[in-house]
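Asker: Please model the complete structure; the sequences and the hints are all you need to start from.
Residue numbers for the sequence shown, in the numbering used here: 1 to 118.
Simulated from the structure, these hints should not be mistaken for lab results.
Careful: at least some of the hints might be erroneous.
Calculated lysine-lysine pairs in the DSS-like style (CA-CA distance at most 30 Å, straight line) [unchecked claim]:
#	residue 1	residue 2
1	Lys50	Lys66
2	Lys61	Lys50
3	Lys36	Lys61
4	Lys109	Lys36
5	Lys36	Lys50
6	Lys109	Lys66
7	Lys36	Lys66
8	Lys50	Lys109
9	Lys109	Lys61
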Amino acid sequence: MADVTVLHNPNCSTSRHALDEAGAAGVDVDVVQYLKAPLDRDALLDLMGKLEDPPADLFRKDGYFKDQGLDEAHYTTAEAVADLLVAHPRLMQRPVLVRGDRAIIGRPKDRVPAFLAG
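Answerer: Written out as structure tokens, the structure reads:
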């Protein structure tokens with residue numbers, strides 16, 4: 001079993017950076033391409049239960065979010081964020097790193113080495 005699971009988007013330079021950091025640190029990683037294998041609602045709720053960040057930080061407030069006519073004020077609870085990410089997996093922040101009962105969003109990049117070391 002891998003030391004760390006990385007919810008990864010290969011098109012994202014920050015996500016690729018997290019994998020490079022893990023490789024340099026010798027950390028065994030299980031890579032989950034969440035766009036190819038989206039997490040279901042229960043898995044998202046479990047993830048947010050481990051997340052050191054607030055649930056609302058788990059989704060991107062980018063152009064796609066705005067194009068969908070979404071309002072971030074409606075997505076403050078774990079349940080609402082899970083529903084959003086089930087409907088729009090591409091809005092999930094990346095990378096997300098999970099180790100045991102802890103998880104972080106790997107942004108900014110300097111968060112990743114400390115998480116991998118711990």
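Asker: Compare the structure with each hint and give your call.
Answerer: To see whether the hints hold, each was checked on the structure:
{"no.": "1", "hint": "Lys50 / Lys66", "verdict": "27 Å, holds"}
{"no.": "2", "hint": "Lys61 / Lys50", "verdict": "21 Å, holds"}
{"no.": "3", "hint": "Lys36 / Lys61", "verdict": "21 Å, holds"}
{"no.": "4", "hint": "Lys109 / Lys36", "verdict": "23 Å, holds"}
{"no.": "5", "hint": "Lys36 / Lys50", "verdict": "22 Å, holds"}
{"no.": "6", "hint": "Lys109 / Lys66", "verdict": "25 Å, holds"}
{"no.": "7", "hint": "Lys36 / Lys66", "verdict": "23 Å, holds"}
{"no.": "8", "hint": "Lys50 / Lys109", "verdict": "19 Å, holds"}
{"no.": "9", "hint": "Lys109 / Lys61", "verdict": "18 Å, holds"}
In summary, the structure agrees with every hint in the numbered list given earlier.
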